[in-house]
Amino acid sequence: MIALMLNKLAAIIQSHAAQCDEVEVLYGHEVTELGREVKSAWVQVQTAKGQKRINSEYVVGCDWGKSLVRMVLFGKQAILACMGQEPRRTRYSSLPETADSNNSLHPENAWLAFRPDKEPNHWRLICCFKDSFEGQELDNVLKIILLGNVSLEQYDVMRARTYQIHQRIVDSMRIGRVLLASDAARLCCRYGALGLNGGIADVGSLRDCLVAIHEDKASETILCTCSEVRRDKWKNIIEPMSQNTLKIVFSDPANLADNNAYKTSQLMKTGPGAARARAPL
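For the sequence shown, position 248 matches number 248 in the UniProt record's numbering, and the numbering has no gaps at all.
Worth flagging that the hints you see were computed from the coordinates, not collected in a lab.
Each residue gets a CB set at the ideal place from its N, CA and C atoms; glycine is no exception.
This list has only true hints and no planted wrong ones.
The following label-pair restraints were derived from C-beta to C-beta distances: (1) E215 to I54: 19 to 25 Å; (2) K269 to K8: 30 to 36 Å; (3) M241 to V211: 27 to 33 Å; (4) D21 to G273: 52 to 58 Å; (5) I54 to V203: 17 to 23 Å; (6) I126 to D21: 40 to 46 Å; (7) S101 to R159: 14 to 20 Å; (8) W64 to V211: 22 to 28 Å; (9) G50 to M241: 42 to 48 Å; (10) K76 to E119: 29 to 35 Å; (11) D252 to H29: 44 to 50 Å.
The calculated DSS-like cross-link candidates involving lysine-lysine, where the alpha carbons are at most 25 Å apart (straight line), are: (12) K39 to K52; (13) K233 to K66; (14) K235 to K66; (15) K263 to K247; (16) K66 to K76.
Starting from the given sequences, assemble the full structure and let the hints guide the process.
This is the structure:
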């Protein structure tokens, strides 16, 4: 298996899109407004040369978790469903290290740190806090968390951000001529729970439906069916897996040995026969 960062995956997608004459990629276009008509939709975009309106038969919002398209359709808080987990903070700091990633597993002061490809002198630090810390309080906590009791003079804080782990999905991924997919439509926990995979499936399914409409092989109602099917997949596959991942992340290590799934995994290590016996048909 090959695991790629999103920027490298996007470059592969872009190289394939460039081979399609009917595809045009517009950079430096920030969507600021969205409108719907009976047979079309439009977006107002901000460019380096000013604002302009782009009209289309359909508008598909794939503009991440803070989707403007979704907010216009459902409101800012319409689909937010926080799970009440601990907030985490992201920091960039110039700590001198030779490795490109590191992590510390600790019941109270766990963290993950890695260096972005294009910022070799910076570290991105992800911490898990039970309480919300600000200013000097946060600096004191970081001094405890970072290995070696790093002093505040040894790094510069470039950016800090707090977020909560939550699950959410829109009531419908189609509102007239406006469609939603991927993180613009639904989110799952950030610890790995089919978020990217589900997003690719969303877009792929939607693409098939739009092609079918264009080729007169299906009516527009197929978009409603697509929305229903993709929401069902989220509710019955992605969301349960996300919840299970959260249970693992926030489980008590002291009681891990009593967990049935853990016992099963240990049993499967005894030999190929035990693994085959536990494998699904």
